[in-house]
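Student: Both chains come to you apart, so use the hints to assemble them.
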Amino acid sequence: MSLRVILITGANGGLGQAIARSFLTESPDNFIWLGVRARRDAAERLIAEFPDRCQCVELEVTQPNSWKSAVEKILAQHQRLDVLVNNAGKHEDGLLATMPPSAWSEVIAANLDATFHGCQAVMTPMISQRSGRIVNIASLSALLAPAGQTNYAAAKAGVVALTQSLAKEVARMNITVNVVCPGFVETEAVAAMNPEERKGAQSRIPMRRFGKPEEIAAAVRFLACADASYITGSVLKIDGGIF
Amino acid sequence: MEDVLALKEKIKTMMVENLMLQVTAAEISDDLPLFGPGGLGLDSVDALQLVVALDKNFGLKIPDPATAKVVLLSVNTIADAVQKKLASA
Numbered sequence: 001m002s003l004r005v006i007l008i009t010g011a012n013g014g015l016g017q018a019i020a021r022s023f024l025t026e027s028p029d030n031f032i033w034l035g036v037r038a039r040r041d042a043a044e045r046l047i048a049e050f051p052d053r054c055q056c057v058e059l060e061v062t063q064p065n066s067w068k069s070a071v072e073k074i075l076a077q078h079q080r081l082d083v084l085v086n087n088a089g090k091h092e093d094g095l096l097a098t099m100p101p102s103a104w105s106e107v108i109a110a111n112l113d114a115t116f117h118g119c120q121a122v123m124t125p126m127i128s129q130r131s132g133r134i135v136n137i138a139s140l141s142a143l144l145a146p147a148g149q150t151n152y153a154a155a156k157a158g159v160v161a162l163t164q165s166l167a168k169e170v171a172r173m174n175i176t177v178n179v180v181c182p183g184f185v186e187t188e189a190v191a192a193m194n195p196e197e198r199k200g201a202q203s204r205i206p207m208r209r210f211g212k213p214e215e216i217a218a219a220v221r222f223l224a225c226a227d228a229s230y231i232t233g234s235v236l237k238i239d240g241g242i243f
Numbered sequence: 001m002e003d004v005l006a007l008k009e010k011i012k013t014m015m016v017e018n019l020m021l022q023v024t025a026a027e028i029s030d031d032l033p034l035f036g037p038g039g040l041g042l043d044s045v046d047a048l049q050l051v052v053a054l055d056k057n058f059g060l061k062i063p064d065p066a067t068a069k070v071v072l073l074s075v076n077t078i079a080d081a082v083q084k085k086l087a088s089a
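Those sequence lines, one after another, are chains P and L. Counting along the first sequence from 1, when you hit position 119 you're at 119 in our numbering, and nothing is skipped either side. Counting along the second sequence from 1, when you hit position 68 you're at 68 in our numbering, and nothing is skipped either side.
Same shape as in the complex, but just chain L (with noise of 0.2 Å):
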């Protein structure tokens, strides 16, 4: 449970550092849509950015819209398919 609260943290971190977001990490929640009204407000250049730095720190790869779409929702269903790729490892 820790292990998961604590890559929650890392990706939040990751996401402000490298889309110079104006809130803090401890700003976004889990379930937070990242895209769309209501939500962060990433727009697609964020997700470009995005899918680079998941491949660089977690090496994760989203290789096609339809995935991003599924992966990309918000902080929860990222970290489930971080956590799925580690266990595949």
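Excised from the complex, chain P in its bound form (with noise of 0.2 Å):
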């Protein structure tokens, strides 16, 4: 197997990192740029334990100028780009009749328009490559739209949307585009939970058990590898049986 460039932003995140580890022990043909803004902590720590195998790209996921110089620094170093995951993101809950303007805009922002443009700026060189693999990271608020969440599950159901209206704009060029919509999962949002609402989400779990990082970052990779070839605009949820 040959040298896989992989970049995934908001890499300094839980479920950042567990994708990021889930790509760099799959092969060590993989090489992993991590997306990150001012906190870098966590990807720096990777970069420690994987020398050579991965680097952190400066990011802010809102701004395209950002999106450009990022893209334009890993090809200037590997001349190519295999896989995008759009994995930063960011949620701020309330209910609509008093949610600040700024609360809704933001998290668009940060979900959906980091989506878009990220998308839009790997489409040059995995349309040149006539190769690629995008994969987004939405939310089961997207199916299910839960209150409070007007800003959030409008995004990520906007992610969905754009998912399956580029898979159809650049299969032919052999790019795929899937969307992972994982539920409640053990990371730094559930973490700030309080064990009643722990208990409460948790009742609501087939499963009963909150799902791991490394749970979505296999879905992830799987639909990055070139197994997953024929599968396009894929909505898959992940969550333990919501639903």
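Read the hints as simulated data drawn from the structure, not as lab findings. If a hint is listed, it holds; no wrong ones were tucked in.
Ranges of calculated distance between the beta carbons of each label pair, as one might list FRET restraints: (1) L:Asn57 x P:Ala145: 44 to 52 Å; (2) P:Gln55 x L:Asn57: 27 to 35 Å; (3) P:Pro51 x L:Thr13: 39 to 47 Å; (4) P:Thr98 x L:Gly41: 50 to 58 Å; (5) P:Gln77 x L:Asp3: 33 to 41 Å; (6) P:Ala76 x L:Asn57: 15 to 23 Å.
In this text, a Cβ means the ideal position worked out from N, Cα and C, and glycines have one as well.
Tutor: Shown next, in the form of structure tokens:
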């Protein structure tokens, strides 16, 4: 197998770390670019663990120019970009009646706009290569739209629709675009729940437990692998059976 | 003159290969409309691929839809744009 170049956004977070680690252990031929902003402590630890196999790249996902610089940097070093995982995102929950407009626009920007900018930034190299894999990370909120998440649910539903539309646009160029919708996963957001909230959430999951980041990462890795060559426009929910 | 013919052949071959067309390069006449009925029948996705292929193969950048409408009419118009690009280099 030859070199495969992979860019993961939100790579300093729990899920981003798990996805990066999953690719790193999949093959010694995988090189991982860790898209990070100000915080990069976890990314730096991963680089220390896998020297010469991964590298940080400064990336403000809501800014097209930042994407341009990051992709140029990657192409300058590797002359190719095989996989993009749009993992970065944020949520700011609250009832619509009292939601500040900034909470709406910032969440839409961080989740939906960012995915648009990322996909657009990698289009030219992937079309030029006539191959590519894009895996977008949405959320079960995109499908269930819980109360208190009008902004986040709308943004992630937008990511799902973007994925399906783009998949049709680029299918003939051997570029696949898929989206993963995780349910409750043991990351920063779940860790921030109080014990009562955790218990309530777990009671709604048929498997009666939260997912592990590694369980999401495994699906992302599969969608990006050669064996997933005929899967595009798919929406994969990973949620312990909710629905 | 020979150079222009060779350039047009190169463009046609590039189109057949990149767009996976079901015709041969020889079947594409120089002035055949690339889009619309009665022409080669390319669509917007083909146009996207063509823009990337022209940049990759000839360094010809098509920065906006207005330019695309002028350049991507036929093999003739593409060849003209490539020649102008080469002449200005």
